[in-house]
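Each chain, letter by letter, is given below.
There are 2 protein chains.
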Amino acid sequence: MNELKEIVIGFLGCGNVGGGVWRLLENMREEIARRDGLSIRVKKVLVRSVKKVRDCGIPQGLLTDNPDDVLADPEITMVAEFMGGEHPAADYLIRALENGKTVVTANKVALALNWPKLQAAAEKTGAGLYYEASVCGAIPVIGALRGSLESNRISNVMGIINGTTNYILTRMSEQGEDYAAVLADAQRLGLAEPDPTSDVEGFDAAYKLSIMASLAFHTRVPFEKVFHEGITGITAIDIACGREMGYVLKLLAIGKRSGDVVEVRVHPTFLPKDHPLSMVGGSFNAVYLKGHACKEMMLQGRGAGDLPTASAVVGDILEAALTDKHRMPTFSNTEETDSALTFTDNWTTRYFIRLSAVDEPGVLASVAGCFADAGVSIATMMQKGRSDDGRVPLIFITHPAEEKAMQAALRKLDPAICHPENVIRVEE
Amino acid sequence: MNELKEIVIGFLGCGNVGGGVWRLLENMREEIARRDGLSIRVKKVLVRSVKKVRDCGIPQGLLTDNPDDVLADPEITMVAEFMGGEHPAADYLIRALENGKTVVTANKVALALNWPKLQAAAEKTGAGLYYEASVCGAIPVIGALRGSLESNRISNVMGIINGTTNYILTRMSEQGEDYAAVLADAQRLGLAEPDPTSDVEGFDAAYKLSIMASLAFHTRVPFEKVFHEGITGITAIDIACGREMGYVLKLLAIGKRSGDVVEVRVHPTFLPKDHPLSMVGGSFNAVYLKGHACKEMMLQGRGAGDLPTASAVVGDILEAALTDKHRMPTFSNTEETDSALTFTDNWTTRYFIRLSAVDEPGVLASVAGCFADAGVSIATMMQKGRSDDGRVPLIFITHPAEEKAMQAALRKLDPAICHPENVIRVEE
Numbered sequence: 060m061n062e063l064k065e066i067v068i069g070f071l072g073c074g075n076v077g078g079g080v081w082r083l084l085e086n087m088r089e090e091i092a093r094r095d096g097l098s099i100r101v102k103k104v105l106v107r108s109v110k111k112v113r114d115c116g117i118p119q120g121l122l123t124d125n126p127d128d129v130l131a132d133p134e135i136t137m138v139a140e141f142m143g144g145e146h147p148a149a150d151y152l153i154r155a156l157e158n159g160k161t162v163v164t165a166n167k168v169a170l171a172l173n174w175p176k177l178q179a180a181a182e183k184t185g186a187g188l189y190y191e192a193s194v195c196g197a198i199p200v201i202g203a204l205r206g207s208l209e210s211n212r213i214s215n216v217m218g219i220i221n222g223t224t225n226y227i228l229t230r231m232s233e234q235g236e237d238y239a240a241v242l243a244d245a246q247r248l249g250l251a252e253p254d255p256t257s258d259v260e261g262f263d264a265a266y267k268l269s270i271m272a273s274l275a276f277h278t279r280v281p282f283e284k285v286f287h288e289g290i291t292g293i294t295a296i297d298i299a300c301g302r303e304m305g306y307v308l309k310l311l312a313i314g315k316r317s318g319d320v321v322e323v324r325v326h327p328t329f330l331p332k333d334h335p336l337s338m339v340g341g342s343f344n345a346v347y348l349k350g351h352a353c354k355e356m357m358l359q360g361r362g363a364g365d366l367p368t369a370s371a372v373v374g375d376i377l378e379a380a381l382t383d384k385h386r387m388p389t390f391s392n393t394e395e396t397d398s399a400l401t402f403t404d405n406w407t408t409r410y411f412i413r414l415s416a417v418d419e420p421g422v423l424a425s426v427a428g429c430f431a432d433a434g435v436s437i438a439t440m441m442q443k444g445r446s447d448d449g450r451v452p453l454i455f456i457t458h459p460a461e462e463k464a465m466q467a468a469l470r471k472l473d474p475a476i477c478h479p480e481n482v483i484r485v486e487e
Numbered sequence: 060m061n062e063l064k065e066i067v068i069g070f071l072g073c074g075n076v077g078g079g080v081w082r083l084l085e086n087m088r089e090e091i092a093r094r095d096g097l098s099i100r101v102k103k104v105l106v107r108s109v110k111k112v113r114d115c116g117i118p119q120g121l122l123t124d125n126p127d128d129v130l131a132d133p134e135i136t137m138v139a140e141f142m143g144g145e146h147p148a149a150d151y152l153i154r155a156l157e158n159g160k161t162v163v164t165a166n167k168v169a170l171a172l173n174w175p176k177l178q179a180a181a182e183k184t185g186a187g188l189y190y191e192a193s194v195c196g197a198i199p200v201i202g203a204l205r206g207s208l209e210s211n212r213i214s215n216v217m218g219i220i221n222g223t224t225n226y227i228l229t230r231m232s233e234q235g236e237d238y239a240a241v242l243a244d245a246q247r248l249g250l251a252e253p254d255p256t257s258d259v260e261g262f263d264a265a266y267k268l269s270i271m272a273s274l275a276f277h278t279r280v281p282f283e284k285v286f287h288e289g290i291t292g293i294t295a296i297d298i299a300c301g302r303e304m305g306y307v308l309k310l311l312a313i314g315k316r317s318g319d320v321v322e323v324r325v326h327p328t329f330l331p332k333d334h335p336l337s338m339v340g341g342s343f344n345a346v347y348l349k350g351h352a353c354k355e356m357m358l359q360g361r362g363a364g365d366l367p368t369a370s371a372v373v374g375d376i377l378e379a380a381l382t383d384k385h386r387m388p389t390f391s392n393t394e395e396t397d398s399a400l401t402f403t404d405n406w407t408t409r410y411f412i413r414l415s416a417v418d419e420p421g422v423l424a425s426v427a428g429c430f431a432d433a434g435v436s437i438a439t440m441m442q443k444g445r446s447d448d449g450r451v452p453l454i455f456i457t458h459p460a461e462e463k464a465m466q467a468a469l470r471k472l473d474p475a476i477c478h479p480e481n482v483i484r485v486e487e
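Going line by line, the protein sequences match chains A and B.
The first sequence maps to residues 60 to 487 in the numbering used here.
The second sequence maps to residues 60 to 487 in the numbering used here.
Check before you lean on any hint, since a few could be wrong.
Unchecked claim - Taking lysine-lysine pairs in the DSBU-like style, the calculated list, with each CA pair at most 30 Å apart, reads:
no.: 1; chain 1: A; residue 1: LYS384; chain 2: B; residue 2: LYS284
no.: 2; chain 1: B; residue 1: LYS102; chain 2: B; residue 2: LYS64
no.: 3; chain 1: B; residue 1: LYS102; chain 2: A; residue 2: LYS176
no.: 4; chain 1: A; residue 1: LYS176; chain 2: A; residue 2: LYS332
no.: 5; chain 1: B; residue 1: LYS176; chain 2: A; residue 2: LYS354
no.: 6; chain 1: A; residue 1: LYS384; chain 2: B; residue 2: LYS471
no.: 7; chain 1: A; residue 1: LYS183; chain 2: A; residue 2: LYS102
no.: 8; chain 1: A; residue 1: LYS64; chain 2: B; residue 2: LYS332
no.: 9; chain 1: A; residue 1: LYS64; chain 2: B; residue 2: LYS354
no.: 10; chain 1: B; residue 1: LYS443; chain 2: A; residue 2: LYS349
no.: 11; chain 1: A; residue 1: LYS332; chain 2: B; residue 2: LYS349
no.: 12; chain 1: B; residue 1: LYS332; chain 2: B; residue 2: LYS349
no.: 13; chain 1: A; residue 1: LYS183; chain 2: B; residue 2: LYS64
no.: 14; chain 1: A; residue 1: LYS384; chain 2: A; residue 2: LYS64
no.: 15; chain 1: B; residue 1: LYS176; chain 2: B; residue 2: LYS284
no.: 16; chain 1: A; residue 1: LYS64; chain 2: B; residue 2: LYS183
no.: 17; chain 1: A; residue 1: LYS332; chain 2: A; residue 2: LYS349
no.: 18; chain 1: A; residue 1: LYS349; chain 2: B; residue 2: LYS111
no.: 19; chain 1: B; residue 1: LYS384; chain 2: A; residue 2: LYS102
no.: 20; chain 1: B; residue 1: LYS332; chain 2: B; residue 2: LYS183
no.: 21; chain 1: B; residue 1: LYS102; chain 2: B; residue 2: LYS384
no.: 22; chain 1: A; residue 1: LYS176; chain 2: B; residue 2: LYS284
no.: 23; chain 1: A; residue 1: LYS384; chain 2: B; residue 2: LYS332
no.: 24; chain 1: B; residue 1: LYS176; chain 2: A; residue 2: LYS102
no.: 25; chain 1: B; residue 1: LYS349; chain 2: A; residue 2: LYS349
no.: 26; chain 1: B; residue 1: LYS332; chain 2: A; residue 2: LYS354
no.: 27; chain 1: B; residue 1: LYS349; chain 2: B; residue 2: LYS443
Derived from the structure by calculation, the hints contain no laboratory data.
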């Protein structure tokens, strides 16, 4: 056998994902040597506590609580980061790149919020910046966007990219359970964090969408431009009514580009039940794309978990180790976005509107009038039997309408006769 | 703007795909220049007839019927091939690689049957060998297998990788139509070739499986090792009976590796109706993978068509043009397969068996006895009402059994009392 090329790596962080990467590297050591001619040596692992024993089997002697042991060691040429959160991870990554170390990160927050700085540091020294694991774990969506889809003008990227909320919505949908009960259960099962805010309010999906949309649309899509609304206001009633009308509810991350106008938004969304994304249940993730040449495409798999995420990290480590010239995103990733582009928050979509109305003659005419005045046209209406408080639930699906027209219509409704219980966007 | 790097390309062939590649390169010229700093110039296009006017708009002056104009021109550093078929395409590709030209091919037949020779030629000169378009058009399955899945031990790769047969089976399934009628219709619509043999007999899928399985299992899986059985014997009755039992029929390409034993087979297959591949209808393609780290994954999209295939070809052209060191498959791709591996044709799976039996007491006992004697255990039995000829249709689903045991059981059946109408394998 030829002599192996040794790659000396430092880890930043060692939680579930870091432990998974350690185990996968150990587990694949022989194959990586035989197939790729590489020997990957982890020299130092930055942790908070060097005393805590790690389940994954990392030798205690590799642990350090001094970042310089990783960032300033000239023997370490590659840094793999799984600390999560913006700070201090982003600062460490920038230092690593400035010191010429290639970075492999699973950290969507640090990347989404600091991409231009990271890329500038990488370009200065020629170091590589790899982040397949930052979006949807093992699913090779970053690789596809940077690789074979480069030949496309992508108009749509839509995804179920948060497993926690998909698990919650799938259970609410299948068993008619309430949000709070399912969330509590998901927390017990370790499928939701003790503080679930980042998942259930859509932050997590918005970070990932910012990264995917930047690559898909070849322009920086800053996190701040991504509208996000969570699932905390969703009730089992909404889901049941939607289902009766042929829809499935998902927390969807949506990026669209039409000419020079881009919209990026994360919100609960009704999808037709035969849409490919509607079939993606439980904690699975999936990304659906449309390009002018490739047409429709969907990539589906495990978007989280220690080994699926480690699969992407180790894939990046191997790619980086086997590359002479690191490939950068093919767009000008500066703080400024492409000045020719406009981000709109006045997208056009269909809406599911559930109202609670008093049971009197003329109510329907009044409601319909408010929509018509705002230029919103109704496609379907469903009236459910009278509820216990004597009010009548009215459900509408609109034709495609502008977000602002829709909001204006809602403001026109007379609170004395009806009020909106929920408004949920509908995609085709 | 920085000066562009010019890449001079020759085309081998110019049918639908070649025309699509030309149009896509023209259509993306400005983006490719701006994003990638590249100018792709097609210098010569090898065709059968230089007089035929091409719809795609290739200038007549680029056409040649002399292969040397492409293969021997030192200015041409990259060759893109869309001739299809083994000869003379493979010979041209080998010559191109021997002359140091990087090859981008959409030709599954030439690749599957000549991969070791192609790779040896590439290794000799350091030229690149790219073939994303050879399997499933725009779906980035080759990229995923060569890229982020490199960190996995893949145990399963299963796919619907022939759009023609999926279209036919979907229509037979949804509308209860007969094979011959749907095939004729598909031919009228241009979805099946005038000679449909390669698609409907499973050759096309077997070539593609040979390529995918080689990459997934990191060993050469020769085409000759791939068992293949087509869909010509499938009737609307089989599909309807399977559906009653909760199954959907697909022409499936299946590669499995367990330890050092590999099985590779293409045949009509019943899948549970909630399997992710069961939802893939019409002319869509999809590949389902299982790896020890990534877990389950599915990639779905347009597996054929001029622009989807061109999307993959142009993706490869860009990747090759931006790479300094071409990445080769990380396995020893010689004529010999890995000697530690065994290919088995005695796989274990479940079977759907549809028998036509005489309507007499004791028939069921006799049939069940034949299965039991061969060690095949029955999981489900369904008896349909008597048919017009006074015979009784009996349908069995077996527990997992070895292929050879199953064949032995069928041979034991007494032709005086029953005969098999069809036997279809079942995957979970």
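Structure-based check of all given hints:
1. This hinted pair does not check out: LYS384(A) and LYS284(B) have alpha carbons roughly 38 Å apart, beyond 30 Å.
2. For the hint linking LYS102(B) to LYS64(B), the alpha-carbon distance of about 15 Å falls within 30 Å, and the restraint holds.
3. Under the criterion of a C-alpha separation no larger than 30 Å, the hint pairing LYS102(B) with LYS176(A) is inconsistent with the structure, at around 41 Å.
4. For the suggested pair LYS176(A) and LYS332(A), the alpha carbons sit about 42 Å apart, so the restraint of at most 30 Å is broken.
5. About 34 Å separates the Cα atoms of LYS176(B) and LYS354(A), which puts this hinted pair outside 30 Å; it is violated.
6. This hinted pair does not check out: LYS384(A) and LYS471(B) have alpha carbons roughly 64 Å apart, beyond 30 Å.
7. Our distance criterion of 30 Å between C-alpha atoms is met by LYS183(A) and LYS102(A), whose separation comes to about 25 Å.
8. A C-alpha spacing of about 48 Å is found between LYS64(A) and LYS332(B), which places the hinted pair above 30 Å, so the restraint is violated.
9. This hinted pair checks out: LYS64(A) and LYS354(B) have alpha carbons roughly 29 Å apart, not beyond 30 Å.
10. Between LYS443(B) and LYS349(A) the CA atoms are separated by roughly 45 Å; this puts the pair beyond 30 Å, and the hint is violated.
11. For the proposed pair LYS332(A) and LYS349(B), the alpha carbon gap of about 26 Å is at most 30 Å, so the pair holds.
12. Taking the CA atoms of LYS332(B) and LYS349(B), the gap is about 19 Å. The hint holds against a cut of 30 Å.
13. Proposed proximity of LYS183(A) and LYS64(B) is supported: the alpha carbons are some 21 Å apart, at most 30 Å.
14. Between LYS384(A) and LYS64(A), the direct Cα distance comes to roughly 17 Å. Compliance with the 30 Å bound is thereby established for this hinted pair.
15. About 18 Å separates the Cα atoms of LYS176(B) and LYS284(B), which keeps this hinted pair within 30 Å; it holds.
16. Note on LYS64(A) and LYS183(B): the hinted pairing holds, with a Cα-Cα distance of about 21 Å set against a maximum of 30 Å.
17. Using a Cα cut-off of 30 Å, the hinted pair LYS332(A) and LYS349(A) holds, with the two alpha carbons roughly 19 Å apart.
18. Restraint check for LYS349(A) and LYS111(B): the C-alpha separation of about 34 Å exceeds 30 Å, so the hint is violated.
19. Only pairs whose Cα atoms come within 30 Å are accepted, and LYS384(B) paired with LYS102(A) is accepted, the gap being roughly 27 Å.
20. Distance hint between LYS332(B) and LYS183(B) is unfulfilled; the C-alpha atoms sit about 49 Å from each other, more than 30 Å.
21. About 24 Å separates the Cα atoms of LYS102(B) and LYS384(B), which keeps this hinted pair within 30 Å; it holds.
22. Taking the CA atoms of LYS176(A) and LYS284(B), the gap is near 52 Å; set against the 30 Å cutoff, the hint is violated.
23. Of the supplied pair hints, the one linking LYS384(A) and LYS332(B) is violated, its CA atoms being roughly 46 Å apart against a limit of 30 Å.
24. For the hint pairing LYS176(B) with LYS102(A), the CA-to-CA distance comes to about 41 Å; that exceeds 30 Å, so the pair is violated.
25. Restraint check for LYS349(B) and LYS349(A): satisfied, since their Cα atoms lie roughly 25 Å apart, inside the 30 Å limit.
26. Distance check on the hinted pair: LYS332(B) and LYS354(A) sit about 26 Å apart at the alpha-carbon level, within 30 Å; holds.
27. Taken as a hint, the LYS349(B) and LYS443(B) pair is broken in the structure, with Cα atoms around 37 Å apart against an allowance of 30 Å.
Figure legend: structure checked against the earlier numbered hints; hints not met, in rising order: 1, 3, 4, 5, 6, 8, 10, 18, 20, 22, 23, 24 and 27.
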